[in-house]
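As a plain string of letters, each chain reads:
There are 6 protein chains.
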Amino acid sequence: MFYHVKELQFDARVSSPDPRFATLLLEQFGGANGELKAAIQYFLQAFAARKPYPAQYDMLMDIATEELAHLEIVGATITMLLDGINGELKDAAEQTLMTEFLKGPGKKEELLQQAIVNPQFFALSGGSPTLTNSQGVPWSGTYVDANGDLTVDIRSNLASESRAKLVYEYLLQFTDDPQVKDTLTFLMTREIAHYQMFASALDSIQPNFPPGVLQGDPRYTHTYFNMSDGGDIRGPWNQGRGAWESGEWVYVSNPRDYVEQTDGLTNAPVEGTTETRESTDAMNRQLGQQRSTEVKSAIQSDPNQWSKFADGSRSSSASVPHVEERVKSK
Amino acid sequence: MFYHVKELQFDARVSSPDPRFATLLLEQFGGANGELKAAIQYFLQAFAARKPYPAQYDMLMDIATEELAHLEIVGATITMLLDGINGELKDAAEQTLMTEFLKGPGKKEELLQQAIVNPQFFALSGGSPTLTNSQGVPWSGTYVDANGDLTVDIRSNLASESRAKLVYEYLLQFTDDPQVKDTLTFLMTREIAHYQMFASALDSIQPNFPPGVLQGDPRYTHTYFNMSDGGDIRGPWNQGRGAWESGEWVYVSNPRDYVEQTDGLTNAPVEGTTETRESTDAMNRQLGQQRSTEVKSAIQSDPNQWSKFADGSRSSSASVPHVEERVKSK
Amino acid sequence: MFYHVKELQFDARVSSPDPRFATLLLEQFGGANGELKAAIQYFLQAFAARKPYPAQYDMLMDIATEELAHLEIVGATITMLLDGINGELKDAAEQTLMTEFLKGPGKKEELLQQAIVNPQFFALSGGSPTLTNSQGVPWSGTYVDANGDLTVDIRSNLASESRAKLVYEYLLQFTDDPQVKDTLTFLMTREIAHYQMFASALDSIQPNFPPGVLQGDPRYTHTYFNMSDGGDIRGPWNQGRGAWESGEWVYVSNPRDYVEQTDGLTNAPVEGTTETRESTDAMNRQLGQQRSTEVKSAIQSDPNQWSKFADGSRSSSASVPHVEERVKSK
Amino acid sequence: MFYHVKELQFDARVSSPDPRFATLLLEQFGGANGELKAAIQYFLQAFAARKPYPAQYDMLMDIATEELAHLEIVGATITMLLDGINGELKDAAEQTLMTEFLKGPGKKEELLQQAIVNPQFFALSGGSPTLTNSQGVPWSGTYVDANGDLTVDIRSNLASESRAKLVYEYLLQFTDDPQVKDTLTFLMTREIAHYQMFASALDSIQPNFPPGVLQGDPRYTHTYFNMSDGGDIRGPWNQGRGAWESGEWVYVSNPRDYVEQTDGLTNAPVEGTTETRESTDAMNRQLGQQRSTEVKSAIQSDPNQWSKFADGSRSSSASVPHVEERVKSK
Amino acid sequence: MFYHVKELQFDARVSSPDPRFATLLLEQFGGANGELKAAIQYFLQAFAARKPYPAQYDMLMDIATEELAHLEIVGATITMLLDGINGELKDAAEQTLMTEFLKGPGKKEELLQQAIVNPQFFALSGGSPTLTNSQGVPWSGTYVDANGDLTVDIRSNLASESRAKLVYEYLLQFTDDPQVKDTLTFLMTREIAHYQMFASALDSIQPNFPPGVLQGDPRYTHTYFNMSDGGDIRGPWNQGRGAWESGEWVYVSNPRDYVEQTDGLTNAPVEGTTETRESTDAMNRQLGQQRSTEVKSAIQSDPNQWSKFADGSRSSSASVPHVEERVKSK
Amino acid sequence: MFYHVKELQFDARVSSPDPRFATLLLEQFGGANGELKAAIQYFLQAFAARKPYPAQYDMLMDIATEELAHLEIVGATITMLLDGINGELKDAAEQTLMTEFLKGPGKKEELLQQAIVNPQFFALSGGSPTLTNSQGVPWSGTYVDANGDLTVDIRSNLASESRAKLVYEYLLQFTDDPQVKDTLTFLMTREIAHYQMFASALDSIQPNFPPGVLQGDPRYTHTYFNMSDGGDIRGPWNQGRGAWESGEWVYVSNPRDYVEQTDGLTNAPVEGTTETRESTDAMNRQLGQQRSTEVKSAIQSDPNQWSKFADGSRSSSASVPHVEERVKSK
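Protein chains in written order, with the numbering used here: chain A, 1 to 330; chain B, 1 to 330; chain C, 1 to 330; chain D, 1 to 330; chain E, 1 to 330; chain F, 1 to 330.
FYI, nobody ran anything at the bench for these hints, they're computed from the structure.
Warning: the hint list may mix true and false statements.
Derived DSBU-like pairs: lysine-lysine, alpha-carbon spacing no greater than 35 Å straight-line [stated by the list, open to error]:
1) C:K308 x D:K181
2) E:K181 x F:K296
3) B:K6 x A:K6
4) B:K181 x A:K296
5) F:K6 x E:K6
6) D:K296 x C:K181
7) F:K296 x E:K6
8) D:K181 x E:K296
9) A:K181 x B:K296
10) A:K6 x B:K296
11) D:K6 x C:K308
12) E:K296 x F:K181
13) C:K6 x D:K6
14) A:K308 x B:K181
15) D:K308 x D:K296
16) F:K308 x E:K181
All values reported here derive from a predicted model rather than from experimental measurement.
Kindly produce the complete structure, drawing on both the sequences and the hints.
The following block contains the structure:
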């Protein structure tokens with residue numbers, strides 16, 4: 001259940017209307033990396049976590065709820081950046097939108113130029129936010145990643161927070177309004193804070209690599225295929241140990257020959273690692289059993305109940321105080 | 001700002017897993033008439049209402065917030081209808097999904113049949129809700145209508161609640177689980193309650209017809225064009241007064257001739273109503289001015305502030321009690 | 001079957017090209033509340049109505065067909081607002097688009113500015129309408145609501161007409177061309193007329209509330225949950241009788257406590273209404289049977305035939321007059 | 001303007017309900033190659049053709065209108081294939097959908113299996129067509145191609161008709177109902193007929209290759225780049241004259257070396273053709289001027305009027321006969 | 001398997017940045033008729049062709065791969081047209097985007113005007129291409145047509161190449177940069193070359209009309225329905241032999257009467273052609289058997305293997321030379 | 001430029017057709033976490049990296065190209081899982097799809113059940129892959145993240161690889177075919193290898209946190225807001241140092257009060273960190289300048305050329321050897 005508090009989490013203010021920046025800001029309202037995406041993504045991930053991982057569930061819902069608060073801040077800012085449009089549109093008979101604004105040469109041109117920036121602010125939403133990105137593309141459920149596995153979901157979140165942070169960084173360069181800048185800086189900073197919360201949570205799950213349960217086939221884990229011509233550029237991603245705990249990269253400079261010689265890789269040798277197919281199989285069985293037990297043991301049945309209310313048949317409805325009473329005693 | 005309460009608004013329970021009904025139920029989670037759509041729609045509409053119409057703003061946010069609670073109930077129910085899948089998937093090495101379930105003839109077939117109902121429950125979300133409708137189409141921002149005018153927005157909501165109610169009515173016929181039925185009945189009933197809240201709110205705005213501000217051109221308001229052949233069927237929608245306060249329908253049985261004779265309707269006479277172009281123009285001016293004033297007078301400036309916090313520069317940060325203190329004194 | 005008449009329903013004219021207003025006007029061509037949406041929505045709803053409700057079927061098809069005519073008017077207006085582009089583009093070798101227009105300082109800038117308003121008018125459609133809204137988002141089947149129930153479908157239509165009307169009202173403020181204004185006023189007015197047709201048709205179905213067949217659970221129909229903090233604002237939507245025929249709103253000022261005390265609402269009392277679960281069950285059975293019979297009795301079988309042609313096997317093809325004859329005798 | 005005729009163009013009939021085939025058939029209702037796509041595509045293309053090419057405009061509107069009639073036939077067939085569902089759903093209290101159908105063992109399973117085929121027929125549209133393809137994806141404006149050039153648009157139509165024909169060919173293999181087969185065969189055949197209409201129309205425009213106005217750069221028109229390894233396979237598409245009127249294919253067996261030797265093709269020689277850059281430039285100028293003139297000369301102005309109604313200011317509205325009169329005199 | 005070559009197929013260069021033209025050019029990067037669409041479409045069609053039609057498979061993959069190279073050229077050009085943006089954005093603290101550019105009056109306005117052209121270049125992608133069309137609509141899988149039949153697929157490709165060619169023709173008129181023009185001319189020309197490759201390939205398949213296997217019902221192949229009023233315009237598409245090999249068009253001037261007289265066309269006579277239902281049935285059987293055999297005989301089984309590698313169990317992994325060796329011997 | 005090699009990177013084989021698993025496998029072909037998404041994402045990111053970061057560009061293109069090879073493997077596997085369908089469909093006259101398969105009781109039912117799993121395999125693509133996910137949703141450009149910043153882009157890739165790996169892990173549980181399992185295991189393992197390449201590359205960029213350039217506002221970086229009721233759960237994400245290099249989490253147990261006391265956070269103190277606004281400002285300036293310089297210094301101009309071809313005007317076309325010669329000398 002949710003509650004709404006009328007005050008914003010941050011004291012968003014706007015110095016003067018700016019329809020163009022309102023348009024850019026839509027990127028964080030109804031865009032692929034915006035606040036709604038973040039709120040819904042963590043909310044969705046929380047369903048699978050609720051029973052087996054109540055601590056992470058609490059974290060996911062805390063952050064999801066904060067993102068809803070941020071969505072509200074962004075929407076409020078957009079509305080204030082558009083203030084005036086709605087009132088003008090209401091005076092439809094006088095068409096003040098045309099007449100009022102036309103007090104100097106070029107004014108009409110300027111007005112139309114403003115209108116055309118985001119036609120839907122003027123012709124559809126009447127000066128309030130649209131659920132679109134900065135180019136009018138409607139928000140889509142495809143923005144949201146929730147895959148029923150915390151080692152994967154949290155990594156999705158680290159990436160989401162990174163993109164959201166960068167978009168605020170870009171946006172900050174397109175407004176001069178100090179009050180809008182304050183709001184954006186607050187919102188940008190929270191993406192950094194959330195990033196670190198997720199990073200901390202991922203650390204607390206061990207092992208967390210590879211994501212999920214299954215280990216890789218050691219014949220293919222440490223191989224780098226040089227799929228492009230030109231100078232063979234070497235770096236920590238194809239030379240030395242890189243991010244591996246042990247072993248080292250095996251560089252295949254001519255993948256085409258290698259593929260042919262290994263019968264389409266089916267006869268590729270294990271190289272670069274001390275793991276064997278036997279060792280990874282054992283790990284697969286052990287970790288699979290552990291994670292499976294964690295999850296399965298948390299399922300309730302007969303019936304499966306989400307919250308911890310008393311049995312529904314317990315009390316007669318007579319024992320419930322009348323509403324007016326409850327209102328008084330609050 | 002929002003708060004999350006861990007208990008659901010309704011004590012959702014499930015007797016036993018049922019992936020197929022979980023699929024149908026997605027229609028109310030990530031579908032065009034589902035709970036997310038309702039929550040976001042009212043939330044969006046509230047931005048334009050906040051300043052000029054605080055009472056309606058309060059109502060919109062109350063209902064939006066309740067719809068979020070309903071979204072959570074639907075998601076919890078879907079998760080419980082899928083319970084077991086996630087745990088099995090984790091045991092990836094043993095592939096118990098294959099082996100455990102294959103204890104009798106036809107079992108594997110049945111399992112695959114279940115899986116294929118909604119492949120993404122098994123291969124993507126790992127047994128948690130997806131942000132899609134029952135056929136896998138991602139939720140879309142196009143589901144949401146918010147047009148910056150209460151006489152229009154509330155009508156959009158009456159229609160939304162009607163559709164959501166009907167979908168619950170349909171869904172109720174596809175489950176035998178009494179506990180799921182209880183939950184669906186609760187949710188269906190709330191759509192009816194919300195409908196009446198919106199109907200009451202629309203009544204409280206006068207005049208509310210036509211939606212928006214401008215009156216229709218009296219030459220075209222009362223005309224019914226018979227655009228199809230076959231018997232001319234007459235009903236209250238093209239005969240008599242219908243839903244009009246005054247006047248009556250004018251039935252054009254042969255639109256093609258009528259269009260030609262009136263020079264493409266430009267010379268169509270005013271018929272069926274006592275309104276004139278002068279009377280409607282007067283109304284346009286009067287109502288436009290009134291509504292415009294209501295909205296414009298509510299805009300704050302220098303700066304425009306959404307919430308009622310004290311001036312940000314008032315207190316030095318030193319005056320804020322340290323966090324630990326506040327936690328204690330809670 | 002449809003026929004096309006080359007004349008428009010309204011004598012649409014344009015004083016001079018205006019690519020920017022053409023862009024705004026796309027909102028009514030390929031937008032979510034535009035004419036195509038309306039035409040297809042009513043057309044879709046008509047399928048379920050055809051057999052059991054032939055009078056309403058006639059109305060739905062009349063209005064759907066008129067909306068197609070309006071789509072044509074909007075498309076024609078957009079084309080005229082873009083006239084000149086297509087011809088210039090054809091002169092590709094001379095690139096007159098660049099050279100012709102560049103007769104004064106700043107002309108090139110202006111041209112590019114125009115082009116960028118809606119790049120697809122210039123680089124894709126060559127000066128004819130695109131099936132998108134004003135921001136280039138392609139028309140989507142999600143805009144259309146048809147749910148197989150007239151008490152719901154007609155309410156969807158009331159909302160659609162309201163939004164379409166408002167968008168025309170907004171658009172009227174962005175053009176000075178008196179002839180375009182005439183066309184928009186005609187189209188806006190027809191949305192009002194259609195609204196009243198639908199309102200009249202809804203009245204003629206009794207009972208029509210709640211939408212669909214099932215009544216609400218009386219424990220939850222009259223309750224208002226105050227889901228947000230701050231001053232508890234009371235209005236006809238949560239106080240008194242509101243839009244209900246009888247009974248009155250029950251205001252739960254602290255939903256969280258109420259939910260806990262009623263075991264997740266499962267033990268909530270019936271309040272605010274004299275209905276009981278027994279009375280609503282009886283109504284459900286009675287109305288369900290009535291509506292079901294209406295629909296089922298209209299289905300034809302062995303075979304199920306849509307139109308009323310004679311039995312296909314009746315006449316030999318020899319008896320059909322040769323085409324040339326028919327053309328002559330027309 | 002359009003008119004609707006209640007009879008279908010073809011006497012569509014159905015022997016017995018078949019929800020699964022109804023699902024497949026959606027591919028031709030709301031799918032990418034379906035009847036709505038065709039109708040809207042030709043309708044859209046007609047706008048640019050109306051003034052300069054009235055004969056082709058007539059053809060485009062004739063076929064567009066026939067496709068609308070076909071859309072109606074497909075929708076009617078789907079509705080008949082689903083007959084019974086809507087009536088059962090209305091009996092919501094009795095839940096006959098569950099009880100009636102459960103007369104033998106396995107019946108409930110079968111019902112659910114049917115329901116899950118296309119959940120939206122049962123839980124959303126209540127037994128009428130949805131504006132989606134066979135997998136529930138909403139119809140999209142992206143299906144429609146209209147580019148303001150008949151030599152291109154007609155080619156788009158040849159492809160559209162080909163795909164639509166093939167889909168009917170596939171669908172015919174999934175029903176045994178002879179009456180449904182008759183309908184599908186009729187519809188499939190009309191795609192062939194339309195194909196030939198478009199092919200005939202394309203022939204009547206000369207020159208029609210290359211599509212549009214500009215000729216290709218002769219350095220690059222006749223070159224085939226062998227971009228894949230393995231045996232160099234030669235065929236009429238990279239050897240000999242192929243479909244060219246004159247010249248022959250130039251086969252570059254090693255594009256990588258060729259690109260380097262020609263400085264990124266900027267120094268590629270003219271080969272395989274007798275055209276020169278001068279000859280193609282001349283053709284560009286001549287054809288561009290011709291086509292541009294055709295189009296520009298057809299634009300009307302002051303004002304630009306779509307239909308040929310008399311001047312709107314001519315007659316006073318008094319001279320228009322009263323509606324009742326016109327109805328009588330019809 | 002693919003290889004990447006760092007050099008572009010064409011020496012793409014840009015004289016100076018031009019964000020507006022970069023926006024227009026997106027139409028060929030992530031638009032419906034762009035290079036990605038072409039690459040993926042031919043790649044998709046190749047799967048069904050690989051085994052039964054290896055020559056056409058080779059052609060499809062050659063052209064698909066060239067289109068990938070073109071996608072890279074377009075992306076590189078867009079990036080160069082935006083050069084400077086990314087570097088400025090990095091200097092986030094100095095906000096040089098605001099300060100550097102503001103050296104004269106009107107400069108800030110101009111900057112914002114540039115930014116708003118395509119907000120995502122500035123606020124999302126940081127100066128690199130987005131996978132959208134010129135109006136920000138994300139690339140969609142619906143752009144791609146692959147139907148498992150070469151007589152249909154190749155026709156889809158003829159249309160695709162035609163549209164892509166025309167869009168380049170339009171785009172050429174919106175840039176003055178001679179180096180960008182060179183690149184566009186190269187790309188436009190290749191669409192013409194590909195068109196002729198496909199046309200040549202289609203000719204090489206006989207019969208290729210009607211597309212697919214089934215012939216049309218001779219009662220409906222040669223009929224033209226005059227679905228619109230006004231002067232009956234005759235042309236090669238409804239008069240004479242048109243594009244048919246034999247027979248002639250049958251013109252039905254009054255479809256409504258004709259439909260009624262033929263009992264919904266079920267009793268329509270065969271006219272305009274010497275084909276009979278018997279002759280087309282025979283052709284259906286013969287061609288169906290031939291094509292079916294071609295395809296079925298190419299399927300391998302036990303197991304079905306895509307490439308021609310040796311049996312995977314042949315060689316022990318010991319026989320594969322160590323990677324370092326292979327690298328040396330390259 | 002790309003080259004295609006006819007052999008697959010991995011020797012994909014299939015024991016026997018399995019349309020249902022083909023459907024599930026679409027998730028990795030045209031799904032949100034599939035191979036096309038990966039290929040295009042890295043390809044897109046490479047544009048911004050090409051000039052300033054050639055080493056990372058090389059890595060991005062190597063991996064992008066390998067993902068294209070994987071896309072081909074997945075498509076080949078789907079095609080083999082569907083082998084037989086295309087051949088049967090071609091025999092359209094005999095309708096062997098119906099007759100051949102109907103050799104025993106229940107066979108027709110089974111066939112239809114198979115068909116309905118993924119209607120488009122049968123009625124649209126004719127047995128080849130569709131560019132959709134497992135539920136028929138078309139691939140979308142929204143799946144792709146490329147933001148012009150390596151510290152962000154690489155994090156997006158870590159998340160993408162994680163999800164792709166998990167989906168393969170899930171899919172492995174739905175097939176018994178050992179050869180398909182081999183292919184899936186190879187593909188899954190490569191996601192792990194790519195993950196480590198990206199992790200290694202991210203490590204090689206210092207500093208890489210926070211993503212982008214700007215530091216957070218120290219008043220908000222270390223604060224955790226407890227936005228939900230119930231037991232306050234503490235973990236490394238809201239207690240102690242967590243993933244921070246220094247400082248510690250500040251836990252705000254009652255955000256509502258805290259927000260009010262700090263005037264909407266505008267007066268929140270710096271807590272939990274030793275950073276100050278001055279220290280972060282300094283870092284912003286320094287890092288911004290460094291990164292900006294790296295990028296800007298790599299831009300070429302006059303003209304800006306992507307590849308390193310010689311000046312296009314250098315050699316006359318005469319000096320280029322004739323194609324036939326080049327072919328010989330290869």
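Taking the hints in turn, this is what the structure says about them:
Between K308 of chain C and K181 of chain D, the direct Cα distance comes to roughly 19 Å. Compliance with the 35 Å bound is thereby established for this hinted pair. Taking the CA atoms of K181 of chain E and K296 of chain F, the gap is near 25 Å; set against the 35 Å cutoff, the hint holds. For a cut-off of 35 Å, the pair hint linking K6 of chain B to K6 of chain A stands: about 20 Å separates their Cα positions. For the suggested pair K181 of chain B and K296 of chain A, the alpha carbons sit about 25 Å apart, so the restraint of at most 35 Å is met.
The hinted pair formed by K6 of chain F and K6 of chain E meets the criterion: a straight-line CA distance of about 20 Å does not exceed 35 Å. The hinted pair formed by K296 of chain D and K181 of chain C meets the criterion: a straight-line CA distance of about 26 Å does not exceed 35 Å. Note on K296 of chain F and K6 of chain E: the hinted pairing holds, with a Cα-Cα distance of about 21 Å set against a maximum of 35 Å. Proximity of K181 of chain D to K296 of chain E is assessed by CA-CA distance (about 26 Å); at most 35 Å being required, the pair is judged to hold.
Distance hint between K181 of chain A and K296 of chain B is fulfilled; the C-alpha atoms sit about 25 Å from each other, no more than 35 Å. Distance restraint check for K6 of chain A and K296 of chain B: the Cα-Cα separation of roughly 21 Å lies within the 35 Å cut-off, and the hinted pair is therefore satisfied. Distance restraint check for K6 of chain D and K308 of chain C: the Cα-Cα separation of roughly 10 Å lies within the 35 Å cut-off, and the hinted pair is therefore satisfied. For the given pair, K296 of chain E sits about 25 Å from K181 of chain F by alpha-carbon distance, which is consistent with the 35 Å threshold.
Only pairs whose Cα atoms come within 35 Å are accepted, and K6 of chain C paired with K6 of chain D is accepted, the gap being roughly 20 Å. Straight-line distance between C-alpha atoms of K308 of chain A and K181 of chain B comes to about 19 Å, which keeps the hinted pair within the 35 Å bound. Pair hint K308 of chain D plus K296 of chain D holds up; C-alpha atoms about 19 Å apart against a cutoff of 35 Å. Distance check on the hinted pair: K308 of chain F and K181 of chain E sit about 19 Å apart at the alpha-carbon level, within 35 Å; holds.
Of the hints listed earlier, there is not a single one the structure fails to meet.
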